[in-house]
Amino acid sequence: MSVGTSSAPGAQRAVRPPAPRPGDLAELGIDPDQLPDGLVVADEDGRVICFNAAAARITAVPAERALGRRLETALPLEDLEGRRWWQLTDPYGGLAIRVGQPERNLLLPGGREVLVSARYVRTRPTGPVRRVVVTLRDTEARRRTERSHAELIATVAHELRSPLTSVKGFTATLLAKWERFTDDQKRLMLETVDADADRVTRLIAELLDISRIDSGRLEVRRQPVDIGAAVGRHIQAYVAAGQRADRFLLRVQHPLPDLWADPDKIDQVLSNLLENAVRHGEGTVTIDITPSASPRERENAENAATSVTVSDEGPGIPEESMNRVFTRFWRGSKRGGTGLGLYIVKGIVEAHGGTITVGRAPGGGAQFRFTLPVAAPAYLT
1 MSVGTSSAPG AQRAVRPPAP RPGDLAELGI DPDQLPDGLV VADEDGRVIC
51 FNAAAARITA VPAERALGRR LETALPLEDL EGRRWWQLTD PYGGLAIRVG
101 QPERNLLLPG GREVLVSARY VRTRPTGPVR RVVVTLRDTE ARRRTERSHA
151 ELIATVAHEL RSPLTSVKGF TATLLAKWER FTDDQKRLML ETVDADADRV
201 TRLIAELLDI SRIDSGRLEV RRQPVDIGAA VGRHIQAYVA AGQRADRFLL
251 RVQHPLPDLW ADPDKIDQVL SNLLENAVRH GEGTVTIDIT PSASPREREN
301 AENAATSVTV SDEGPGIPEE SMNRVFTRFW RGSKRGGTGL GLYIVKGIVE
351 AHGGTITVGR APGGGAQFRF TLPVAAPAYL T
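247 is the number that UniProt numbering gives to position 247 of the sequence shown; each next residue is one higher, with no gaps.
Don't read these hints as lab results, they were simulated from the structure.
Backbone N, C-alpha and C fix where the C-beta goes; we use that ideal spot for every residue, glycine too.
Mixed in with the good hints, there may be bad ones.
The following label-pair restraints were derived from C-beta to C-beta distances [to be verified]:
| # | residue 1 | residue 2 | range |
| --- | --- | --- | --- |
| 1 | L174 | A237 | 40 to 48 Å |
| 2 | L160 | R122 | 39 to 47 Å |
| 3 | G169 | R144 | 20 to 28 Å |
In silico lysine to any residue, SDA-like type, Cα no more than 25 Å apart, as pairs [what the hints assert, rightly or not]:
| # | residue 1 | residue 2 |
| --- | --- | --- |
| 4 | K168 | V193 |
| 5 | K186 | L207 |
| 6 | K168 | D198 |
| 7 | K168 | L207 |
| 8 | K168 | S148 |
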């Protein structure tokens, strides 16, 4: 039995109105001046018929001065070698199979860089060009990204230099003068080398974490996590390293919902927040663990998430710096560090579907609070 279109008398077939073509802005109800990128359109004679507000802003040419002029005059672009771009590309007289130009860096008069791409509109394949559609984008966003990457490389290189210099110095000294040192001196040197090697490992791990966060490739391997026990282990490590036990106050509100998270990454979050409180804060470091509402869906049940708040009694964070705390290279003091820890913390928390905030603690110090949903992995639901 075959199924087809009915051809019986009186049979009616619904006919959809044709959808607007993607380039037909008027049919879509879009004003070219509402577009975020510059838009320049030339007709079949090469004269500008559209020059939107973003194009005027990027080129510093008023729209009324550009409209009606020839494209190469209204938009005098050069490549980075000083050659006229329109003469090189020849949209109207070039190859008939060409459909446009890919995005590239070009120069406006005065040397300002702009990202330009072009599309050639033809009524039929290999037919004459009826429209040349040019898009313009400012390069400032790309420059900011490049500056950020350069700053990251410079920071990491600077932080790596110190421990590597120490490792190289001690190992070279031991190899050259092994017999001259006592066992205690050798142990001290090797312990220093070991500590510096750990520091290099942490820096490389931070760099990898930032790369994964920026590219959206940070993997979360969820397992049951006892968050109270995890905080307790960190406190014990600080006490074993010489901190007073009474400097830490851990308060857990029971019952807590079952938390499914990546235990290694949660340890990384706790390590950063507690280290900040110990290094930059003063007085008692208080850690509160409480059940909470879901960080992103407030209508869920009350115990849909777990919150951890880390507070200290130090000078706190100035109000004007609050909005920069989770950015790269922010440092709360001059006591060392790369300034990458809190940026990574925020990336890890958000990869879990959680949120993190910073504020002022009741005692006047800094207060960090992160909230994680307790959802189990998909294969268990």
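Now the hints, each set against the structure:
At about 29 Å, the CB distance of L174 to A237 disagrees with the hint of 40 to 48 Å. Roughly 55 Å separates the CB atoms of L160 and R122, a value that falls outside the hinted 39 to 47 Å. At roughly 38 Å, the beta carbons of G169 and R144 sit outside the given window of 20 to 28 Å. Taken as a hint, the K168 and V193 pair is honoured in the structure, with Cα atoms around 9 Å apart against an allowance of 25 Å.
Between the alpha carbons of K186 and L207 the distance comes to roughly 32 Å, so the proposed pair goes past 25 Å and is violated. Under the criterion of a C-alpha separation no larger than 25 Å, the hint pairing K168 with D198 is consistent with the structure, at around 14 Å. For a cut-off of 25 Å, the pair hint linking K168 to L207 stands: about 22 Å separates their Cα positions. At most 25 Å may separate the alpha-carbon atoms for a hinted pair to count; K168 and S148 exceed this at roughly 30 Å.
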